[in-house]
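Engineer: Protein chains in written order, with the working numbering: chain A, 5 to 254; chain B, 253 to 331.
Misleading hints may appear alongside valid ones.
Said to hold, decoys possible - Derived SDA-like pairs: lysine to any residue, alpha-carbon spacing no greater than 20 Å straight-line:
| id | chain 1 | residue 1 | chain 2 | residue 2 |
| --- | --- | --- | --- | --- |
| 1 | A | K204 | B | H301 |
| 2 | B | K271 | B | L283 |
| 3 | A | K204 | B | K271 |
| 4 | A | K106 | B | H301 |
Because the hints were derived from the structure by calculation, they are not lab data.
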Amino acid sequence: MYNPFSLQGKTVLVTGASSGIGQQIAISVTKMGAKVVITARNKERLLATYEQLVAEGHQWVLADLAKEEEIKNLVNAVPKLDGVVHSAGIIQPFPIKFLKKKNFEPIQSINYNAILLLTAALLSNKKINRQASFVFLSSIASQYPYKGAATYASTKAAIEAFAKVLAVEHSSKGIRSNCLSPGMVKTAMYEQTEQAVGAKKMSAYIEQYPLGVGTPEDIANATIFLLSDASKWINGITIRLDGGLLAGMH
Amino acid sequence: MQLTELVQKIAEEFEDTPKEQITAITKLKDLEEWSSMHALIIIALIDNHYDIILTGEEMIDAQTPTDIYNIILQKQANK
Ligand SMILES: NC(=O)c1ccc[n+]([C@@H]2O[C@H](COP(=O)([O-])OP(=O)(O)OC[C@H]3O[C@@H](n4cnc5c(N)ncnc54)[C@H](OP(=O)(O)O)[C@@H]3O)[C@@H](O)[C@H]2O)c1
Numbered sequence: 005m006y007n008p009f010s011l012q013g014k015t016v017l018v019t020g021a022s023s024g025i026g027q028q029i030a031i032s033v034t035k036m037g038a039k040v041v042i043t044a045r046n047k048e049r050l051l052a053t054y055e056q057l058v059a060e061g062h063q064w065v066l067a068d069l070a071k072e073e074e075i076k077n078l079v080n081a082v083p084k085l086d087g088v089v090h091s092a093g094i095i096q097p098f099p100i101k102f103l104k105k106k107n108f109e110p111i112q113s114i115n116y117n118a119i120l121l122l123t124a125a126l127l128s129n130k131k132i133n134r135q136a137s138f139v140f141l142s143s144i145a146s147q148y149p150y151k152g153a154a155t156y157a158s159t160k161a162a163i164e165a166f167a168k169v170l171a172v173e174h175s176s177k178g179i180r181s182n183c184l185s186p187g188m189v190k191t192a193m194y195e196q197t198e199q200a201v202g203a204k205k206m207s208a209y210i211e212q213y214p215l216g217v218g219t220p221e222d223i224a225n226a227t228i229f230l231l232s233d234a235s236k237w238i239n240g241i242t243i244r245l246d247g248g249l250l251a252g253m254h
Numbered sequence: 253m254q255l256t257e258l259v260q261k262i263a264e265e266f267e268d269t270p271k272e273q274i275t276a277i278t279k280l281k282d283l284e285e286w287s288s289m290h291a292l293i294i295i296a297l298i299d300n301h302y303d304i305i306l307t308g309e310e311m312i313d314a315q316t317p318t319d320i321y322n323i324i325l326q327k328q329a330n331k
């Protein structure tokens, strides 16, 4: 059957695979035929993802990506890869005027440092095949800010820029690098935001989405596209997934 | 830490509300100026001044500066 989106024969590393978007991406790409290596810190939840993977030959590795040593161990454990999806990330709202280093070091270390260090280690250890595809999870917050998002939005903007540099630096090997920029998606992060702003504010915000709140499947489907050869001419871009939210805003 | 000092610090973060309108028993969320940003600001100022981290849930439950003061005391005692 004609299927340009097939991931048959590809091996994909998925970070943040113990929850939300990363978990769904891991499951969905195995449905498209890929072998995956899934990683996160929480063993129980990572194994719960592992149980839901389709077919055999997958691998799970526990790693705290805020620790360089554990990034190294992860890189040593993975086979050669045709795709890397970085979904691991955290959100920590904080008002600018009170910012101290200790308030942004944790978010910077996972949303930014970890991505640079892991990408560098994968490339220098020759774990990235020709024609491989990198997919990074940004957020619409990087371009369309909201109060309290200083640390989160700026790490995401940095990753969008990083992804473009990676695209330029490795295109001679057919290696591609793109970002997905979702609006509000129903995951643990959604619950966390709801707790911070209150249920009323959250539902008022969600009402602005013409197509409703996003699901992890929506993000996983776009990831399948970016990992597959169907997108082999797409490099260095960010795809916005926001249920039409920003199209209607001026 | 004094309750009056905490009330004063919180009151300073409400720019459009007269200072005298914010007391130890003011329900902060009933202030016209209240927004979710104020919850973040209060969490941050307590972290900065008292080295205590209030969770989002604790901020949702706390109504007045006195409530917040009591949470800080309790957390300091447990440290
Ligand atoms: N949900 C949304 O509305 C939304 C919108 C836009 C963008 N995004 C982005 O999409 C990505 C996934 O979000 P999500 O909603 O799926 O979040 P989530 O459900 O909270 O999952 C976050 C994942 O990151 C992992 N992680 C966190 N810290 C880590 C560390 N130090 N080392 C290794 N793994 C770590 C967590 O695993 P462990 O705890 O097991 O380590 C978990 O698997 C994030 O980058 C987020 O910024 C989300």
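Engineer: Check the hint pairing K271 (chain B) with L283 (chain B) against an upper bound of 20 Å on the C-alpha distance.
Structural biologist: Holds, at about 12 Å.
Engineer: Next pair to validate is K204 (chain A) with K271 (chain B); report whether the Cα-Cα distance is within 20 Å.
Structural biologist: violated, 28 Å
Engineer: With the threshold set at 20 Å, check whether the alpha-carbon distance from K106 (chain A) to H301 (chain B) stays at or below it.
Structural biologist: Holds. K106 (chain A) to H301 (chain B) sits at ~14 Å (cutoff 20 Å).
Engineer: Hint check: K204 (chain A) vs H301 (chain B), CA-CA at most 20 Å. Holds or violated?
Structural biologist: This hinted pair is violated, its Cα atoms lying about 30 Å apart.
In the structure shown, a violation is registered for the earlier hints numbered 1 and 3, in ascending order.
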